[in-house]
Amino acid sequence: MSKFKKKAKTKQEIPTSALPDIIFMLLFFFMVTTVMREVTVNVKQRIPEATQLRKLQRKSLVSYIYIGEPKKAGEFGTEPKIQINDAFADPKDIIQWVNEQKDELDENERDQLTIAMKVDEEAKRGLVSDVELELRRANARKLLYTTIQKTED
Amino acid sequence: MAKRQREEPQINSSSMADIAFLLLIFFLVTTTIANDRGLSLQLPPNPDDIVDVDIKIPERNLFKILVNSSDKLLVEGEPLEDVTKIREMIKEFVLNNGRDPKSSDSPKDAIVSFKTDRGTSQQMFISVLDQVQAAYYDMYAERVGVTNEQWREISNDLSDPENKRLYDKGRGLKNGQLEFPMNISIAEPSKTSN
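Sequences listed follow chains P and U, in order.
In terms of our numbering, the first sequence opens at residue 11 and continues consecutively.
In terms of our numbering, the second sequence opens at residue 722 and continues consecutively.
Looking at chain P on its own, in the form it has when it is part of the complex (with noise of 0.2 Å):
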């Protein structure tokens, strides 16, 4: 019975003077890894998954396209729409468009400009093939369809 006894003195508290330490910590990681959505995205996005996925390198070199059913079907409709920066576009926009993400670049950068296309999985390749034949006309022929890695089973 003593025993059991010397064991109830013994303090049970955790010691919590570490907390704030360890949420800094994570805060620190959440500040670092963060990235400020620039755009709003206004079509619906479910992005397919793959297995074979690549990674891209420089943040810098990639422009984002945005290809799915609009948000907001009762002002736009049901029919899958491009979004590039912040408007719905059509195809024949997109070698302006390019254009203008080339020109942001410096001069011996600009052939390694990567399109990330983020295309809704029920997108229909009709508009997305559109794209790409006008990106060839572009000339931004590196191509990336975002996709997320698919847990195997």
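For the record, the hints were derived by calculation from the structure and aren't laboratory data.
Think of the CB as a built atom: it goes at the ideal place given N, C-alpha and C, for glycine as much as any other residue.
Wrong hints could be hidden among the right ones.
[Said to hold, decoys possible] Below, a sample of chain U positions facing chain P; criterion: calculated Cβ distance under 7 Å:
hint, residue
1, Asn767
2, Ile771
3, Pro910
We have chain P already, so just place chain U on it with the hints.
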């Protein structure tokens, strides 16, 4: 005077954790982990610049994948249900080296032709392209004795000379020409339906 000196000036730091929590939650909510990952692809040159030349490619060097508007597959003339089978089929086709007279002459001549319909969904397109690229990455990886994942790691960063060496070896770069190119031809979708 003596009384004042005894009091140690201290900032109350008990609410520090709360402030840190508040900031943490702010960043937790606004953060979007950059997901610049996906299937990379090189588009062919501007169609307006290409002179129309009729190049005859022997039937045996073409691996044909067709997808219709209801996402049904036709591989080498046969309907196929399971997309994941394409991976092994392509490996067999590319590495044939002339053995089977119905399959490719050499990896250099082998072409994977992939044609969809305008009504094919992007999801189907991605899953087929994924399988085709998987087959090629597997073969490249095997040629340099690494795993598929390691091969993709290598090709992500070519600024490292060792990576560049392995990358060129895997693709068989000789005198500026690839002996083992990833010939994926993505044809313009057909307009049979919407």
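A quick look at each hint next to the structure:
1. Asn767: holds, 5 Å
2. Ile771: violated, 10 Å
3. Pro910: holds, 5 Å
In the structure shown, a violation is registered for the earlier hint numbered 2 alone.
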